[in-house]
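Novice: Now for the letters of each chain:
2 protein chains.
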Amino acid sequence: MQKVTPERARVHNTQLVFRTIYREGPISRAAIARATLLTRPTVSDVVAGLIEQGMVEEVGLAPSSGGRRAILLRAVADSRYLVGVDLAREEFCGALINLRGEIKERLTLPLDGRDGDAALALVFDLIDRLVDSTHVPLLGIGVGAPGLVDAENGILQQSVNLSWRHIPLRSLLQKRYDLPVYLANDCQVAALAEYTFGDDRERNKNLVVINVRWGIGAGIVVDGQLLHGNPVGAGEIGHVTVVDGGERCACGNYGCLETIASTRAIIRRAQEIARSDPSSPLHQFAADPESITMEAVCQAFNAGNEAVRQVVNEAGRMLGISAASLVGVLGRCRLLIAGNVRCFGQFLLDAVRDEMLQRTLLSLARDTEVGFTSLGSDIVLLGASALVLPHELGDSQL
Amino acid sequence: MQKVTPERARVHNTQLVFRTIYREGPISRAAIARATLLTRPTVSDVVAGLIEQGMVEEVGLAPSSGGRRAILLRAVADSRYLVGVDLAREEFCGALINLRGEIKERLTLPLDGRDGDAALALVFDLIDRLVDSTHVPLLGIGVGAPGLVDAENGILQQSVNLSWRHIPLRSLLQKRYDLPVYLANDCQVAALAEYTFGDDRERNKNLVVINVRWGIGAGIVVDGQLLHGNPVGAGEIGHVTVVDGGERCACGNYGCLETIASTRAIIRRAQEIARSDPSSPLHQFAADPESITMEAVCQAFNAGNEAVRQVVNEAGRMLGISAASLVGVLGRCRLLIAGNVRCFGQFLLDAVRDEMLQRTLLSLARDTEVGFTSLGSDIVLLGASALVLPHELGDSQL
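Quick mapping for you: the protein sequence lines, in order, are chains X and W. Okay, so the first sequence: first residue is 1 according to the numbering used here, each after it adds one. Okay, so the second sequence: first residue is 1 according to the numbering used here, each after it adds one.
Bound conformation, chain X alone:
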């Protein structure tokens, strides 16, 4: 809580008016005044500034309500761009994204085995090219990175695959681009994407997105706020044990969720099926099981291959164990799964839900929705860009 100075009040009012237009528009100046409790002259003044900056535009007249018809205002989605970066496992992906979460420009650079400084140079290369490709003013850069990310201090604490340790990425990028920079764990930003740009903002105020990729992590939004951990590690459910005496995990423990429900684990199991089950559609890969992709697994699943369905069922049940814990900790929530396991559809969701119902307080579990995210494979990219919005527009619940 800080003292209120005139300058702070001005910035506050500008952000308040813009947010109101962004969320409620098309809206008249009078309606803005009513919604914000600001005076009409203040609103007109602030709106004039926003129009001058190109962030707001007049879009016609409101229906007549007796007197003079009011001019309606709306936010100009393309007036500012956000830079979103997804530092995924095998490639780095970046995009220019407008204020409504529409991707205007996209770039993917393969990692080709780079790590350490070379991987960092690739991040610069990616953002250089994106920044150079537009004349639209940029609001800031958001980065979703794997591993333990200290969002508050802007440091990548640990990214095993990239051999990064304590990389002060925020300050490096801020210096290079002279823009605000925000970073967070990739699974965490996936939840932020769904909250910011997804299909049901009100229901997403308390949200868990379980991001099933090569690894597994959860992003957690509580009351519209992303949970980071203290300072890191919220949602690292991929390394919680779900099978006593299970397989050894890269983390050193045994039976972690990732060892059985990640795409890596599903593909490894599919490889075993390819080798051992001549009746499976996957048997065509028997000579080269390494070439099996998730698409191939999904095809075998859709063809009704029983062995593959069992693998998917087991992955779902293990995700259900995790879901039960999440409900036990967070209470009722909305659990959405992201990643290309969505090809397993309702069959996977049923497995998750059935297991969850048996393993946590029924009255909470029953009201917990289990579904898929409304955003597709760009979810981390969008979430990274969504890190920028609330900070730069002055409201963590934009």
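Honestly, the hints are just simulated from the structure, not real lab data. Beta carbons: idealized from backbone N, C-alpha and C, even for Gly. Hints may contain errors.
Said to hold, decoys possible - Just a few of them, taken from the derived set where beta-carbon distance is under 8 Å, the chain W residues facing chain X:
#1 GLY229
#2 CYS333
#3 SER363
As the list claims (entries may be wrong) - Anything over 10 Å on all C-beta distances counts as not near chain W; from chain X, calculated:
#4 GLY25
#5 ALA88
#6 GLU90
#7 ILE103
#8 THR134
#9 SER163
#10 LEU179
#11 ILE267
#12 ASP277
#13 ALA296
Based on these hints, arrange chain W on the given structure of chain X.
Specialist: Chain W alone, transformed into the frame defined by chain X:
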């Protein structure tokens, strides 16, 4: 975010000044002005009002720093009382508590099997007597209740033992006493107590208190804010499965944490030992195992009874499974156990920690402290009163 009116500014400034004195005092008016960025005249004005209300007092002079020695101010701990109520399983307990969390007056009424309206009448009786026993102005009433409590709407959704369903307790109490009323789940308020009145506020900003009583629940503080669930059910870890195919729990599922690590479960196991193990100190209860208390179990534990130590070890390991999930969801945290299992000391904590380390990401688990709460058996009572403070003093992070 609301518009700033002069009246709001005045209330804001008064709360800001009082909080500064409460937290930083003894402190001079000049130091308050520096800390709050308010002008000296504003501070003097606000302080005069607080002194008139008896909430602040002058307590001497600061050491000389060359010029005139400044008068120091501090909050008067006994200037206002909070009413704290713990609706425990077998008795209702209430207290008058000052602004520093000191219990000034305490009252316990046995439930004697009452439930429904009779139990509700007992709540009124308890608070009537407390309110009538003092002339100190009361800041408000805080209630910690078992079960699912909708804190936002002030409703006890479900308390199985008390046969309560959808009791609008807040509005009932507000009408009767004309005071602000806040309620929350009893385990949740235990965490709030530790955060508000415990030994290390900074470290407790991200805190989990696992309250091991007849049942088990966790209270979770994230960044100084209590997690309620949406709207209920945060921290209901007692009903998450930790033993596949374990005992049936009252909730209908099997192998819940409560079935093996609650005091109820520990005593039940002690009863079996009393009946079956002639070498145990508990065997003296063989004729009447129902009379075994936690004190008796602790005595047998301290006497080195191997069977009892195994029961405690197993309870600890199951709490460790829960702890691993908590770390997986919340990231690094401070995990403190409340309840009379603290008599099992380091032996219990080691069991919890050992299990946790094997079941969640090591780099997070290693930095997660496992200990006991600094507050004793009054923790729910104190936490209930602590619900009132931040609201009435205008800061959720008081």
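Novice: Of the hints given before, which are not true for this structure?
Specialist: none
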